[in-house]
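There are 6 protein chains.
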Amino acid sequence: MSRVKRVLYPGRFQPFHMGHLRVVEDLLKKFDEIVIVIGSAQEAFTCQNPFTAGERLEMIDLALREEGINRNKYWLVPVPDINKPLAWTTYVLGMIPRVDAVATGNPHVAGIYRWLGYNVIELTLYKPEIYNGTRIRHLMTYSDEWINRVPRSVAEYIIRINGVSRVKKVCYG
Amino acid sequence: MSRVKRVLYPGRFQPFHMGHLRVVEDLLKKFDEIVIVIGSAQEAFTCQNPFTAGERLEMIDLALREEGINRNKYWLVPVPDINKPLAWTTYVLGMIPRVDAVATGNPHVAGIYRWLGYNVIELTLYKPEIYNGTRIRHLMTYSDEWINRVPRSVAEYIIRINGVSRVKKVCYG
Amino acid sequence: MSRVKRVLYPGRFQPFHMGHLRVVEDLLKKFDEIVIVIGSAQEAFTCQNPFTAGERLEMIDLALREEGINRNKYWLVPVPDINKPLAWTTYVLGMIPRVDAVATGNPHVAGIYRWLGYNVIELTLYKPEIYNGTRIRHLMTYSDEWINRVPRSVAEYIIRINGVSRVKKVCYG
Amino acid sequence: MSRVKRVLYPGRFQPFHMGHLRVVEDLLKKFDEIVIVIGSAQEAFTCQNPFTAGERLEMIDLALREEGINRNKYWLVPVPDINKPLAWTTYVLGMIPRVDAVATGNPHVAGIYRWLGYNVIELTLYKPEIYNGTRIRHLMTYSDEWINRVPRSVAEYIIRINGVSRVKKVCYG
Amino acid sequence: MSRVKRVLYPGRFQPFHMGHLRVVEDLLKKFDEIVIVIGSAQEAFTCQNPFTAGERLEMIDLALREEGINRNKYWLVPVPDINKPLAWTTYVLGMIPRVDAVATGNPHVAGIYRWLGYNVIELTLYKPEIYNGTRIRHLMTYSDEWINRVPRSVAEYIIRINGVSRVKKVCYG
Amino acid sequence: MSRVKRVLYPGRFQPFHMGHLRVVEDLLKKFDEIVIVIGSAQEAFTCQNPFTAGERLEMIDLALREEGINRNKYWLVPVPDINKPLAWTTYVLGMIPRVDAVATGNPHVAGIYRWLGYNVIELTLYKPEIYNGTRIRHLMTYSDEWINRVPRSVAEYIIRINGVSRVKKVCYG
Numbered sequence: 125m126s127r128v129k130r131v132l133y134p135g136r137f138q139p140f141h142m143g144h145l146r147v148v149e150d151l152l153k154k155f156d157e158i159v160i161v162i163g164s165a166q167e168a169f170t171c172q173n174p175f176t177a178g179e180r181l182e183m184i185d186l187a188l189r190e191e192g193i194n195r196n197k198y199w200l201v202p203v204p205d206i207n208k209p210l211a212w213t214t215y216v217l218g219m220i221p222r223v224d225a226v227a228t229g230n231p232h233v234a235g236i237y238r239w240l241g242y243n244v245i246e247l248t249l250y251k252p253e254i255y256n257g258t259r260i261r262h263l264m265t266y267s268d269e270w271i272n273r274v275p276r277s278v279a280e281y282i283i284r285i286n287g288v289s290r291v292k293k294v295c296y297g
Numbered sequence: 125m126s127r128v129k130r131v132l133y134p135g136r137f138q139p140f141h142m143g144h145l146r147v148v149e150d151l152l153k154k155f156d157e158i159v160i161v162i163g164s165a166q167e168a169f170t171c172q173n174p175f176t177a178g179e180r181l182e183m184i185d186l187a188l189r190e191e192g193i194n195r196n197k198y199w200l201v202p203v204p205d206i207n208k209p210l211a212w213t214t215y216v217l218g219m220i221p222r223v224d225a226v227a228t229g230n231p232h233v234a235g236i237y238r239w240l241g242y243n244v245i246e247l248t249l250y251k252p253e254i255y256n257g258t259r260i261r262h263l264m265t266y267s268d269e270w271i272n273r274v275p276r277s278v279a280e281y282i283i284r285i286n287g288v289s290r291v292k293k294v295c296y297g
Numbered sequence: 125m126s127r128v129k130r131v132l133y134p135g136r137f138q139p140f141h142m143g144h145l146r147v148v149e150d151l152l153k154k155f156d157e158i159v160i161v162i163g164s165a166q167e168a169f170t171c172q173n174p175f176t177a178g179e180r181l182e183m184i185d186l187a188l189r190e191e192g193i194n195r196n197k198y199w200l201v202p203v204p205d206i207n208k209p210l211a212w213t214t215y216v217l218g219m220i221p222r223v224d225a226v227a228t229g230n231p232h233v234a235g236i237y238r239w240l241g242y243n244v245i246e247l248t249l250y251k252p253e254i255y256n257g258t259r260i261r262h263l264m265t266y267s268d269e270w271i272n273r274v275p276r277s278v279a280e281y282i283i284r285i286n287g288v289s290r291v292k293k294v295c296y297g
Numbered sequence: 125m126s127r128v129k130r131v132l133y134p135g136r137f138q139p140f141h142m143g144h145l146r147v148v149e150d151l152l153k154k155f156d157e158i159v160i161v162i163g164s165a166q167e168a169f170t171c172q173n174p175f176t177a178g179e180r181l182e183m184i185d186l187a188l189r190e191e192g193i194n195r196n197k198y199w200l201v202p203v204p205d206i207n208k209p210l211a212w213t214t215y216v217l218g219m220i221p222r223v224d225a226v227a228t229g230n231p232h233v234a235g236i237y238r239w240l241g242y243n244v245i246e247l248t249l250y251k252p253e254i255y256n257g258t259r260i261r262h263l264m265t266y267s268d269e270w271i272n273r274v275p276r277s278v279a280e281y282i283i284r285i286n287g288v289s290r291v292k293k294v295c296y297g
Numbered sequence: 125m126s127r128v129k130r131v132l133y134p135g136r137f138q139p140f141h142m143g144h145l146r147v148v149e150d151l152l153k154k155f156d157e158i159v160i161v162i163g164s165a166q167e168a169f170t171c172q173n174p175f176t177a178g179e180r181l182e183m184i185d186l187a188l189r190e191e192g193i194n195r196n197k198y199w200l201v202p203v204p205d206i207n208k209p210l211a212w213t214t215y216v217l218g219m220i221p222r223v224d225a226v227a228t229g230n231p232h233v234a235g236i237y238r239w240l241g242y243n244v245i246e247l248t249l250y251k252p253e254i255y256n257g258t259r260i261r262h263l264m265t266y267s268d269e270w271i272n273r274v275p276r277s278v279a280e281y282i283i284r285i286n287g288v289s290r291v292k293k294v295c296y297g
Numbered sequence: 125m126s127r128v129k130r131v132l133y134p135g136r137f138q139p140f141h142m143g144h145l146r147v148v149e150d151l152l153k154k155f156d157e158i159v160i161v162i163g164s165a166q167e168a169f170t171c172q173n174p175f176t177a178g179e180r181l182e183m184i185d186l187a188l189r190e191e192g193i194n195r196n197k198y199w200l201v202p203v204p205d206i207n208k209p210l211a212w213t214t215y216v217l218g219m220i221p222r223v224d225a226v227a228t229g230n231p232h233v234a235g236i237y238r239w240l241g242y243n244v245i246e247l248t249l250y251k252p253e254i255y256n257g258t259r260i261r262h263l264m265t266y267s268d269e270w271i272n273r274v275p276r277s278v279a280e281y282i283i284r285i286n287g288v289s290r291v292k293k294v295c296y297g
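Protein chains in written order, with my numbering: chain A, 125 to 297; chain B, 125 to 297; chain C, 125 to 297; chain D, 125 to 297; chain E, 125 to 297; chain F, 125 to 297.
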């Protein structure tokens, strides 16, 4: 339908880190546009999902602008869970511009989109032992080392909204 | 994956009537097997949806056996609504054996499966002014004329479960 | 939290028309940024909601760019219905950047956000007998007059995706 | 399990009126306790459901106290819709103390509880052309005649929360 | 709106124990009325949630009456989960009388209500190593020591409904 | 209503194994027909639920035919989770032909159907340390020993749809 080539990149982005940024940059070498779906959009204020979808939307936008990526190259779309994995594939597709492929490092997501007949790009994560959401949230509870694992504008945003004390509270009470 | 050719035929079947039976017979001339999805499966005891999905399951099974259709030729699968039209396409596909096409007379259903890239067979309804669920339910509230618009075994089943007085009650209190 | 002043503007945008555009322009005179929430995001291929949320996202983006509105001034966020009106207020707020007010012409939406304690701007619709989604969808089924009721780029987009024949089909079979 | 005889009385109570009060009084002649389920508890700020479940809870409590009914005789339990009629029967039963019967004037509700094997008391409504929620909400939009169709304490409560202007707004914009 | 000062106290109360009772008594020193929300109201017959919401409603009512707390001082409202944390805040607020504050020992609940702009009272739990739902349910599977950790009337109620054998079964099969 | 004696047998059947088959055969000695409910029907492509409900439907049908069980003796009905345990009882009952008893080895399921007043047959599992879904899925990730724990036709089906590599991927990435 459209000549623009687009790729869907779904994730939870709790928070958006340097590994995610690397993926976005790589995908933009092969596609004209990227559609970043912020999954589990209904979640917030838990240890696994401390940030609201709106906050993650702002974080990612800040990070991509900081990186100098043109605003016309990316779409940011929060999508809530529906607890129906196969139905979720088309739930997402209905909320975004038409895409030509799905990029993911998650075997469940790869499986369901392949089942649907979609072209799936299986991502090799960039230094997953360092750039890893669970690890970064854990670091936030006791050290400053998390800061250089996320883009500078994301770190500033998290600090501005008191995100560190939030993570400490929802993880350890 | 499988060499058996199957077609999906979704409907509400409130109740299953001669028009539906005609569609099943026609589709079985072109496909090895038919997957009949009983939609709005969570509904019952309303004027628009008087019968439970379980009752509709029994009705359809009785009608197809009465017609001498081999039990290996059809699958009966109740599927509830999820109020998410595009997601519903894959919700259904996840609950049934793999199909090669979707047959429907409903433009909404045709639209969503075509959007998904599926082969859609648009059905021309057989005498829709006579074989029509709304019309048949309405007839049930004041006349016996509904009886010869449904297969004999369906009429007997409805009478046995006191379906006529149920329809009267939920339609007119 | 942030010094940027933002306003939430929710709607279904089936399709985005000149009346909507006028509202966006007016709101951007009083606020730094507008958050356009595309409601009933799960709907598509019905007479009342023919276009997917992804298509509406593209339409609105095209219209605002055509109008020369800077991409930094607006956020486009599709949000599905949850059939829980009061809960929907915070469901939406969780998926968008922090806003200072809600602008709406819908008394139900005005009521629930005011109940929550939010600053509500009640919109006076611009020529509602002309710029009206229901009216425009109806026009699409039999005339070309719909075309100059929507921004040029929206009309082109609808034509390119065969939206007119889709509306005819889902409205009249 | 318990020797106390209880009856379930579900309704929407938009608002609670003299007809409802009459039912409660009649049922308390035959049962030790009544469990009033406030249905469609998630709804509010629409023409059909203007009041929140919390407001309806307060209204009913005021009306029963005004009538001198002992607080030990009644339970007030808001229950949201789940859009699954048969499942709703046990959804409700799980949220209330054990009951011995269900009293209703609604043939759909009577049907589903009878299907489940419950003892159903079919209510004959008291002057339904006068004591009728739809009629009373309609009156609220243009006259004071609604006032003597509801208990005095309910009228006062509605006036105190500006309920009349709310009904006007959500019904006529 | 109302001059009565009310506080919301949400919990699962599986079962209601002396620690909960202590909180209720403390809150009633500072507020006129308490609204006890029985969360996860849809759950029952699991190891983590053995009792139905209706049973928990009865338990709490018995315990508060036993303690001599006037029935006019408390509201008991079961509320099911909706798996949408931020939306849950207003889902609850719509089902209860207006409150002035939220009291909780749960950092997730504190976080979401504070996000919404509510006055949150962070509870310090009373001897949490003793008065603790998980601990009490565990004790129920092998000892009588659970009995003096709950109000006498709650213990009697649990015994009367065979709650101990239920907990054993759903926890250990 | 019907003189045919039927039993409900719910399970996840991930995959259908010799232990399940043994239960079916035993139940058919006491009942005329068995209604096999394929639970968690919305799940697929996870380590705990690798197969779609449609695939499980096909597997069970193959296994029962292989065993020579007449197609008139069993009903196969996929039912999704609704995350409302007590409501799930009647959700299931609405989607199946009327049954006289429920057979289960799961204490939660036994509890909720007994609460509803149903006749529950508590199953003693057949060699549960060998014929066990979790164990069999685990075996599939590193050995061929799973093969003789499931009916031959099920093993062939799983191999044909590349089920082994799917289980490896969704369990270990």
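Be careful, since some hints might not be right.
Identical chains blur together in the list; that is why a pair holds if it fits in one copy or across any two.
[As the list claims (entries may be wrong)] List of simulated lysine to aspartate or glutamate pairs, EDC-like, C-alpha gap at most 16 Å: (1) 251 with 150; (2) 197 with 150; (3) 292 with 149; (4) 251 with 156; (5) 293 with 246; (6) 293 with 224; (7) 197 with 185; (8) 197 with 156; (9) 293 with 150; (10) 153 with 185; (11) 292 with 253; (12) 197 with 157; (13) 292 with 185; (14) 129 with 205; (15) 293 with 191.
Note that these hints are calculated values from the structure, not bench results.
These are the hints, each one checked on the structure:
1. In this assembly of identical chains, residue 251 and residue 150 lie within 16 Å of each other by CA distance solely inside one copy; the values are 15 Å within and 48 Å between copies.
2. Within a single copy, residue 197 and residue 150 get their C-alpha atoms as close as 13 Å, which meets the 16 Å cut-off; across copies the closest is 27 Å, which misses it.
3. Taking identical chains as interchangeable, the C-alpha atoms of residue 292 and residue 149 are never at most 16 Å apart, the minima being 31 Å within one chain and 30 Å between chains.
4. In this assembly of identical chains, the alpha carbons of residue 251 and residue 156 never lie at most 16 Å apart, being 26 Å within a copy and 39 Å across copies at closest.
5. In this homomeric assembly, residue 293 and residue 246 come within 16 Å of each other (Cα to Cα) only across copies, at 12 Å, whereas the closest approach inside a single copy is 35 Å.
6. In this assembly of identical chains, the alpha carbons of residue 293 and residue 224 never lie at most 16 Å apart, being 41 Å within a copy and 23 Å across copies at closest.
7. In this homomeric assembly, residue 197 and residue 185 come within 16 Å of each other (Cα to Cα) both inside a single copy, at 11 Å, and across copies, at 13 Å.
8. Taking the closest pair of Cα atoms, residue 197 and residue 156 come within 16 Å of each other only inside a single copy of the chain (7 Å); across copies the shortest separation is 23 Å, beyond that limit.
9. Proximity of residue 293 and residue 150 under a CA criterion of 16 Å is satisfied in neither setting, with 35 Å inside one chain copy and 24 Å between copies.
10. With identical chains, the CA atoms of residue 153 and residue 185 are never at most 16 Å apart, being 19 Å at best within one copy and 23 Å at best between copies.
11. In the homo-oligomer, the alpha carbons of residue 292 and residue 253 never lie at most 16 Å apart, since the shortest distance is 21 Å inside one protomer and 22 Å across protomers.
12. For a Cα distance limit of 16 Å, the shortest separation of residue 197 from residue 157 inside one copy, 5 Å, qualifies, whereas the shortest one across copies, 20 Å, does not.
13. Within a single copy, residue 292 and residue 185 get their C-alpha atoms no closer than 25 Å, and across copies no closer than 36 Å, so neither meets the 16 Å cut-off.
14. In this assembly of identical chains, the alpha carbons of residue 129 and residue 205 never lie at most 16 Å apart, being 26 Å within a copy and 30 Å across copies at closest.
15. In this assembly of identical chains, residue 293 and residue 191 lie within 16 Å of each other by CA distance neither inside one copy nor across copies; the values are 31 Å within and 34 Å between.
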